[in-house]
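Go by the hints and put chain G onto chain U.
Here is what each chain is made of, one letter per residue.
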Amino acid sequence: GQQLNQSPQSMFIQEGEDVSMNCTSSSIFNTWLWYKQEPGEGPVLLIALYKAGELTSNGRLTAQFGITRKDSFLNISASIPSDVGIYFCAGIIQGAQKLVFGQGTRLTINP
Amino acid sequence: NAGVMQNPRHLVRRRGQEARLRCSPMKGHSHVYWYRQLPEEGLKFMVYLQKENIIDESGMPKERFSAEFPKEGPSILRIQQVVRGDSAAYFCASSLGQPNTGELFFGEGSRLTVL
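Chains as they are written, first to last, in our numbering: chain U, 1 to 111; chain G, 1 to 115.
Think of the hints as simulated: they come from the structure by calculation, not from any bench. Ideal Cβ positions, reconstructed from N, Cα and C, are used throughout, including at glycine. Hints are supplied without guarantee of correctness; some may be wrong.
Unchecked claim - If you want a taste of the chain G side facing chain U, the calculated C-beta under 10 Å gives, among others:
1. Glu68
2. Leu96
3. Gln98
4. Glu103
Claimed, not checked - In silico DSSO-like links for lysine-lysine, alpha-carbon gap of 30 Å or less:
5. Lys70(U) / Lys44(G)
6. Lys51(U) / Lys98(U)
7. Lys51(U) / Lys62(G)
8. Lys70(U) / Lys51(U)
9. Lys51(G) / Lys27(G)
10. Lys62(G) / Lys51(G)
11. Lys44(G) / Lys98(U)
12. Lys27(G) / Lys71(G)
13. Lys71(G) / Lys44(G)
14. Lys98(U) / Lys70(U)
15. Lys27(G) / Lys70(U)
16. Lys71(G) / Lys98(U)
17. Lys51(U) / Lys71(G)
18. Lys62(G) / Lys44(G)
19. Lys70(U) / Lys71(G)
20. Lys27(G) / Lys51(U)
21. Lys44(G) / Lys27(G)
What the hints assert, rightly or not - Rough simulated footprint, nothing fancy, chain U against chain G, three-plus residues with beta-carbon under 8 Å:
22. 15-25
23. 105-113
Same shape as in the complex, but just chain U (with noise of 0.2 Å):
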């Protein structure tokens, strides 16, 4: 099937340190998006990124479109406390018209 392998899968850490999280695929994406979702809400677009090599921020969140177009990563630095949740990554794969979503990473910090 269409699979993204989204890692990690939970991550522990002090508020201030730096997160790195990625999603792989054995199939070619057109589109990486990175989500974030909190307990009750939807997801909500964080990044977009349309080519390969683009590398895109938004405040402490970067965003990487793999060269291979079969990865990205999503960083988030200093991190603080409303980074809780439940991160995301969804592509499209080349020459389809969905949305596939990664499994999720849970970020977790304390204080």
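Same frame as chain U, but now just chain G:
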């Protein structure tokens, strides 16, 4: 609120009943998607619709589930004869253009509990 609107936010049904979930896309968006999320899991694609057309229903169970997006009014996800395994959060998303041209914006979800 110009975002994607879903209702009801919470729905409780007994086994065998019908569940209807509604989604109004963002203003100007004509592409609608439905996803299902089980606890502690990611979102699983169900169906992609444009006005009056089903574009991709490859993620939709073959029985009991149907979706529509009429010319007027919200998109509806209908689950007939619900079973306990249908309990999940159902999210609707919309986009301005085709999915590979832009971002999908999600609603807050409808949480179905089947007793």
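Against the structure, the hints come out as follows:
1. Glu68: violated (18 Å)
2. Leu96: violated (13 Å)
3. Gln98: holds (6 Å)
4. Glu103: This interface hint holds because 5 Å falls under the 10 Å limit.
5. Lys70(U) / Lys44(G): holds (20 Å)
6. Lys51(U) / Lys98(U): holds (18 Å)
7. Lys51(U) / Lys62(G): Distance of about 36 Å is beyond 30 Å: violated.
8. Lys70(U) / Lys51(U): holds (12 Å)
9. Lys51(G) / Lys27(G): Distance ~13 Å between lysine 51(G) and lysine 27(G) Cα, so the pair holds.
10. Lys62(G) / Lys51(G): holds (21 Å)
11. Lys44(G) / Lys98(U): holds (11 Å)
12. Lys27(G) / Lys71(G): Holds, at roughly 14 Å.
13. Lys71(G) / Lys44(G): Given pair lysine 71(G), lysine 44(G) holds - Cα atoms ~26 Å apart, limit 30 Å.
14. Lys98(U) / Lys70(U): Cα-Cα ~16 Å, so holds.
15. Lys27(G) / Lys70(U): Roughly 33 Å between the alpha carbons, so the hint for lysine 27(G) and lysine 70(U) is violated.
16. Lys71(G) / Lys98(U): holds (22 Å)
17. Lys51(U) / Lys71(G): Measuring from Cα to Cα gives roughly 34 Å; hence the hint is violated.
18. Lys62(G) / Lys44(G): holds (15 Å)
19. Lys70(U) / Lys71(G): violated (37 Å)
20. Lys27(G) / Lys51(U): Holds, because 28 Å separates the two Cα atoms, which is no more than 30 Å.
21. Lys44(G) / Lys27(G): Within the cut-off at roughly 25 Å; holds.
22. 15-25: violated (count 0)
23. 105-113: holds (count 5)
Hints 1, 2, 7, 15, 17, 19 and 22 from the earlier list are contradicted by this structure; the remaining hints agree with it.
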